[in-house]
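Number of protein chains: 2
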Amino acid sequence: MRKFASGRLRSLLIHSFQQKHILRPHHPSSSLSSSLPRFLSSSTPVLDFPPSSTSSMADPSASKLPVTLQNINPKILKCEYAVRGEIVSLAQRLQEELLANPGSHPFDEILYCNIGNPQSLGQHPITFFREVLALCDHPSILDKSETQGLFSADAIERAWQILDQIPGRATGAYSHSQGIKGLRDTIAAGIEARDGYPADPNDIFLTDGASPAVHMMMQLLISSEQDGILCPIPQYPLYSASIALHGGTLVPYFLDEASGWGLETSELKKQLEDARSKGINPRALVVINPGNPTGQVLAEDNQRQIVEFCKQEGLVLLADEVYQENVYVPDKEFHSFKKVSRSMGYGEKDISLVSFQSVSKGYYGECGKRGGYMEVTGISPDVREQIYKVASVNLCSNISGQILASLVMSPPKVGDESYELYCAEKDGILSSLARRAKTLEDALNNLEGVTCNRAEGAMYLFPRINLPQKAIKAAEAANTAPDAFYCRRLLNATGIVVVPGSGFGQVPGTWHFRCTILPQEDKIPAIVTRLTDFHKSFMDEFRD
Amino acid sequence: MRKFASGRLRSLLIHSFQQKHILRPHHPSSSLSSSLPRFLSSSTPVLDFPPSSTSSMADPSASKLPVTLQNINPKILKCEYAVRGEIVSLAQRLQEELLANPGSHPFDEILYCNIGNPQSLGQHPITFFREVLALCDHPSILDKSETQGLFSADAIERAWQILDQIPGRATGAYSHSQGIKGLRDTIAAGIEARDGYPADPNDIFLTDGASPAVHMMMQLLISSEQDGILCPIPQYPLYSASIALHGGTLVPYFLDEASGWGLETSELKKQLEDARSKGINPRALVVINPGNPTGQVLAEDNQRQIVEFCKQEGLVLLADEVYQENVYVPDKEFHSFKKVSRSMGYGEKDISLVSFQSVSKGYYGECGKRGGYMEVTGISPDVREQIYKVASVNLCSNISGQILASLVMSPPKVGDESYELYCAEKDGILSSLARRAKTLEDALNNLEGVTCNRAEGAMYLFPRINLPQKAIKAAEAANTAPDAFYCRRLLNATGIVVVPGSGFGQVPGTWHFRCTILPQEDKIPAIVTRLTDFHKSFMDEFRD
Chain B
1 MRKFASGRLR SLLIHSFQQK HILRPHHPSS SLSSSLPRFL SSSTPVLDFP
51 PSSTSSMADP SASKLPVTLQ NINPKILKCE YAVRGEIVSL AQRLQEELLA
101 NPGSHPFDEI LYCNIGNPQS LGQHPITFFR EVLALCDHPS ILDKSETQGL
151 FSADAIERAW QILDQIPGRA TGAYSHSQGI KGLRDTIAAG IEARDGYPAD
201 PNDIFLTDGA SPAVHMMMQL LISSEQDGIL CPIPQYPLYS ASIALHGGTL
251 VPYFLDEASG WGLETSELKK QLEDARSKGI NPRALVVINP GNPTGQVLAE
301 DNQRQIVEFC KQEGLVLLAD EVYQENVYVP DKEFHSFKKV SRSMGYGEKD
351 ISLVSFQSVS KGYYGECGKR GGYMEVTGIS PDVREQIYKV ASVNLCSNIS
401 GQILASLVMS PPKVGDESYE LYCAEKDGIL SSLARRAKTL EDALNNLEGV
451 TCNRAEGAMY LFPRINLPQK AIKAAEAANT APDAFYCRRL LNATGIVVVP
501 GSGFGQVPGT WHFRCTILPQ EDKIPAIVTR LTDFHKSFMD EFRD
Chain A
1 MRKFASGRLR SLLIHSFQQK HILRPHHPSS SLSSSLPRFL SSSTPVLDFP
51 PSSTSSMADP SASKLPVTLQ NINPKILKCE YAVRGEIVSL AQRLQEELLA
101 NPGSHPFDEI LYCNIGNPQS LGQHPITFFR EVLALCDHPS ILDKSETQGL
151 FSADAIERAW QILDQIPGRA TGAYSHSQGI KGLRDTIAAG IEARDGYPAD
201 PNDIFLTDGA SPAVHMMMQL LISSEQDGIL CPIPQYPLYS ASIALHGGTL
251 VPYFLDEASG WGLETSELKK QLEDARSKGI NPRALVVINP GNPTGQVLAE
301 DNQRQIVEFC KQEGLVLLAD EVYQENVYVP DKEFHSFKKV SRSMGYGEKD
351 ISLVSFQSVS KGYYGECGKR GGYMEVTGIS PDVREQIYKV ASVNLCSNIS
401 GQILASLVMS PPKVGDESYE LYCAEKDGIL SSLARRAKTL EDALNNLEGV
451 TCNRAEGAMY LFPRINLPQK AIKAAEAANT APDAFYCRRL LNATGIVVVP
501 GSGFGQVPGT WHFRCTILPQ EDKIPAIVTR LTDFHKSFMD EFRD
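Protein sequence lines, in the order shown, are assigned to chains B and A.
Take the first sequence: its letters are residues 1 to 544, numbered as in the UniProt record's numbering.
Take the second sequence: its letters are residues 1 to 544, numbered as in the UniProt record's numbering.
Hints listed in this document are in silico derivations from the structure and should not be mistaken for laboratory results.
Everything numeric in this text was worked out from a predicted model, so none of it was measured.
Treat each hint with caution, since some may be false.
Note that identical chains are pooled: a pair holds if it fits in a single copy or bridges any two copies.
What the hints assert, rightly or not - Restricting the straight-line Cα-Cα distance to at most 30 Å, the calculated cross-link-like pairs of lysine-lysine (DSS-like) are:
#1 332 x 470
#2 473 x 64
#3 270 x 311
#4 144 x 413
Input sequences plus hints: build the corresponding full structure.
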């Protein structure tokens, strides 16, 4: 069991909502702290999620079976993942009801704004990438004449190049545990071109999306609940889930909503010291840039402070950079932490830095391909050998995902046959995402009691809803968190699926939800109308 | 730290070789026990692997970095995975030397017989499967006229079917966390056709190969070192690695080499009771059928005893059935444990059974695609919900792997355009594998002091080598296990890569290696010659 989960220290935990595995933070010093009294003045949690998963524990029909909720790994029970949590289950049920009984709800489709899954909402894949994947899947058509008519010349050429990088051209073989060497060479070259600093293919570990890479690092760094991982609040719940599964302690640091989800090193320092004073040994700092769920893009100066902080405090910097291509505002630009740290003169011997990248995000949005990599730098060879060993237990990541990871880091170039189409597809997606972000942001800011920072990057808006006391009381009566209450009402009224802020963490007493900017552009006006109408009627019902 | 790793109980551990996380077994009562004295009479281990991974610990250049072997998760240090271990690293070095300096070794290529990776050794993929994958990767060619000339009609039709099963035809979207529902329907139908008993698509969890499914079950069942998992010895080291990573205890049961790697329930019972007497709570029984590394195919009667044993003892039966298509002898047949238990009248309420399947094995051998599934039965809905939650943290397995898993469970049928080619490819591969198994088995049995059970199934031979005392002493002097010593000599002399038996576990004092039957048939004679010549000279050097 977790160290702080019992006795006197129980009250040190943030119990409310879904962050049950999080060290209680130092009171946020932000301007939001005045809105916290209900939570912080209470010696017991205001709200606990009902233990929904234990509801069937008494099922007598299962009594002869050896595995029960009482005898499974308690770390699993503690783990939560709101992005596919209760609201999504409700949405799936509503969808089935709509199918079975059209007209049974006041909407005709479910709009999944809960998850960064662009192609599920109609985004098309980049043609060049899919051409290369298809050719690598079925190389025997490569030298057939019909193939020239179906595929672009540079896709055919690229497929040959990739096949030549695979020993025996065997796309059906396990690769090197870190991924095919030639593809890692390509990725390293892509990183070099992006950053202007060298990258070593031996530092690249190709993975089935970014999630397994995050798990691998958590598994490496967490030995017990004494090991802490500094995570932003709000955070992408993969981090809280992975820390819970590996039995560590999440040390929260709060992003400052008032300054556009700013990341202050004074806040990092305070939470770090607070954790240390409680016997926690912080091992790493997670930074998500561009931010998920918060959408901010860090300024280079701020990144330098973060690098310096990690170096001074002996923290591994875990840089979630999967949204590196998703920047929508002219005044911001993505800089990798590798580039920032190298520009400060810090090399392999100075700072431990792991950067995560994925084929699921960016303009490509190839979530189903499960491709990604981590670039592991500033880790000694003996420790790297241990990471390699863990990777080798799972043999390798899927080869199509590996190929795609190399393609996103090395897309068509000027002069290639596919270049124009590629640019049109890429720019079309990114400029549309920017417009959608702005439209939704404006619509949200027009709602009574709602404020929404701009989505400078990533795929999400994270508006704050100032819920009336009457709504909060109604939520309490329904035994649910106020933001979950709001989101459920929204779903039931409009078919729009968003995730309550409590799934990501938020300053206690504040309420938010995460909404993706991914519905196709022609659906955005209807979403705005539905959302606006719903919100008005919600406020009419609950306004104090 | 592990419960039995210190103090008086230290000697209870099998320390030798790579199975450092294994409960010391009850003495095997098999006919082999007379050959054990050197190990069992010793109060300290005969041999420990040198701590190779700690050799660079004193590296002063890394001293400023925060992550060291001393402060990472000790479970990772304990985990071993011989299939990609030291011998393979040596092989990779030799291969580089051969490339840089042809003629530098007494062979001109490295023959990787260490891993079940058929396509890396020249096996071709099944054409129909790859056609469907390519079309699903790039569906926009589906209605082009050139496509008719390049792809078979049933592959085109199947691709349409699959696309219609994917919401929005979005092959680039995250799917349901258990995998695309339509594909699970197809797989369930395939299981029904195989077994003659119903299968529920909601019981299927699609995974990136079988390994993540095994990890998921270990993660569920293991809360602490008190939780034991009964595993065959010899075993596929994924199991020992996964148990080590999750902090449980491997409870070994010995397969009886004298009876063709027989699995006796009396042995199961003895080891179970022995474990319980030591305070271990066995949670599950792993059975690998057909066997890896041992190649036996269980008789149905034997399987019934195993099912009964698990039911009586309240153990989850973890059935590794990834070699279900790999049976080479006319007197044996694969029966799934699901079919066997249902034929005994045991249903959902009686026995907890998880079956693992993979696209990496069989005649398809699509290791690089990382497709697979587990069928989870006899698990109560509330526990299943927890498995679903863990699956959802990783979002979903890769879609190409999911599609391929559906294809291997639903290949072309009589009358389909691809049927003849499919049968020819499948039969060609399987009959060739059977011939290769027999040739290698005979060759091994012809070697002085070597005995080899037949490979009834799977992809491996696991010969026993009766090493002369002089060789054992030389191994000791070289600070390595005698079988690892033999395998290293074999590699250096012939370029043939096999895995020492100590990587899989074996009755103490016996020595084996695992050799795949996968090199292409035209290479087998050369392998036999090289192996025979090497063995003779080895024996000449070390014969007592």
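* To do: Quick one: which hint numbers does this structure break? Sort them smallest to largest.
  => 1 and 2
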